[in-house]
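Peer 1: If you want the building blocks of each chain, they are given just below.
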Amino acid sequence: MDVIAGPGCPVCILPAAEIDEAISLALNEVTVVTFGDVIRVPGSESSLQEAKASGGDVRIVYGVGDAVRMAEKEPDKDFVFFAIGFETTAPSTAIEILNKPPQNLSFLVSHRLIPPAMELLLGVGNLHIDGFIAPGHVSTIIGMKPYEIFPNAYRMPTVIAGFEPLDVLFAISMLLQQLKDGEARLENEYKRSVTWEGNVKAQRLMEQVFSVVDGCWRGLGKLPLSALALKEEFLEYDARKKYDLQIERPRDLMPGCLCHLVMIGKIKPPECPLYMKACTPQTPKGACMVSIEGTCRIWAKHKL
Amino acid sequence: MCLAIPAKVLKVQGDVAKVDFGQGVARDVNVMLVEARVGEYVLVHAGYAIQVIDREAAEETLRLWEEILKYE
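Going down the list, the sequences are from chains L and B.
Sequential numbering from 3 applies to the first sequence in my numbering.
Sequential numbering from -16 applies to the second sequence in my numbering.
Worth flagging that the hints you see were computed from the coordinates, not collected in a lab.
Here the structure is a predicted model, which means the values were calculated and not measured.
For each residue, glycine too, the CB sits at the ideal point set by N, CA and C.
Fair warning: there could be bad hints in the mix.
What the hints assert, rightly or not - One-sided excerpt, in silico: chain L residues whose CB lies under 7 Å from chain B:
1) Ile62
2) Gly67
3) Thr90
4) Thr142
5) Gly145
6) Lys193
7) Arg194
8) Ser195
9) Trp198
10) Lys203
Generate coordinates for the entire structure from the input sequences, incorporating the hints supplied.
Peer 2: Written as structure tokens, this is what we have:
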């Protein structure tokens, strides 16, 4: 049996162009506020960490609420919150935008959606997936319904799981049972947090603030209806509009880097020519080695 | 980034609650997305409670796990 990590690391899947946008803001007198995991992730040429070393104001926070408080405290500075993350994180961005944040705070929205990425995996040749373990905290927000398509249309056994080791083991056992029964069902292992309808209030706030649009994923190109963008009535908070950000010729992958194939499970990290040679946790070249949630980083940590 | 941690609700004031992540330290989290009541556990992600943990379901899961582990 083979358990493969899918494209579920929200900083790994960010395309270089969006990191480049954040870097260009940081190098132009704007304070960029974001999650700690993001700042070492490579853009086309450099990272937010390098922008900070060159004098840019880049700050790490625990959540978007901290960015709002910072902007209130320092009204003379321009702040941009680099809003990354999947459906788990997007509702918090929606809350703060609906709360009318201070004028000196805008948002670089780079949220992505999980079900379209799962659907992409089913179109990749030679992947041989026999079942999906769906992410428990994304599902806490979106509920079970968006996954119905996988057993129904693709005959793919799907189990929503929590994040404790035993949650994952249980999910695997539930998937094996489905395979044994020769059936594809949608099941919920993470009942203590995931319901059929999910967090309806969070969904409503997201719908109020964001439209679902096409979005680029690192090295994978544009996935239809896989990203969130601010709706028209909130464009005053859109950093892309406010600062007229234009990124030319972004580069998602360093020469030789196969992060995009690792992310969709097509290859294992050791099959990448850079893995543990040019690309190590100390000298990461690809996003999957930078982030603590990246597949290459996890393999390196456990010396697989 | 996908981390969400359970915390016990100590006090609710509007959209903000004081919660304990098990370290005995009270921290403020936003509870606008949930109906948080004192004594319940909420799942917190990046400073925002995203769900009230279903106590019955949690206990049922623990029971199941214990049962399986007994066979080991």
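Peer 1: Evaluate each hint against the coordinates.
Peer 2: Each hint tested on the structure:
no., hint, result
1, Ile62, "violated (12 Å)"
2, Gly67, "holds (5 Å)"
3, Thr90, "holds (5 Å)"
4, Thr142, "holds (5 Å)"
5, Gly145, "violated (11 Å)"
6, Lys193, "holds (4 Å)"
7, Arg194, "holds (4 Å)"
8, Ser195, "holds (5 Å)"
9, Trp198, "violated (12 Å)"
10, Lys203, "holds (5 Å)"
Hint check: violations occur at hints 1, 5, 9; the rest are consistent with the structure.
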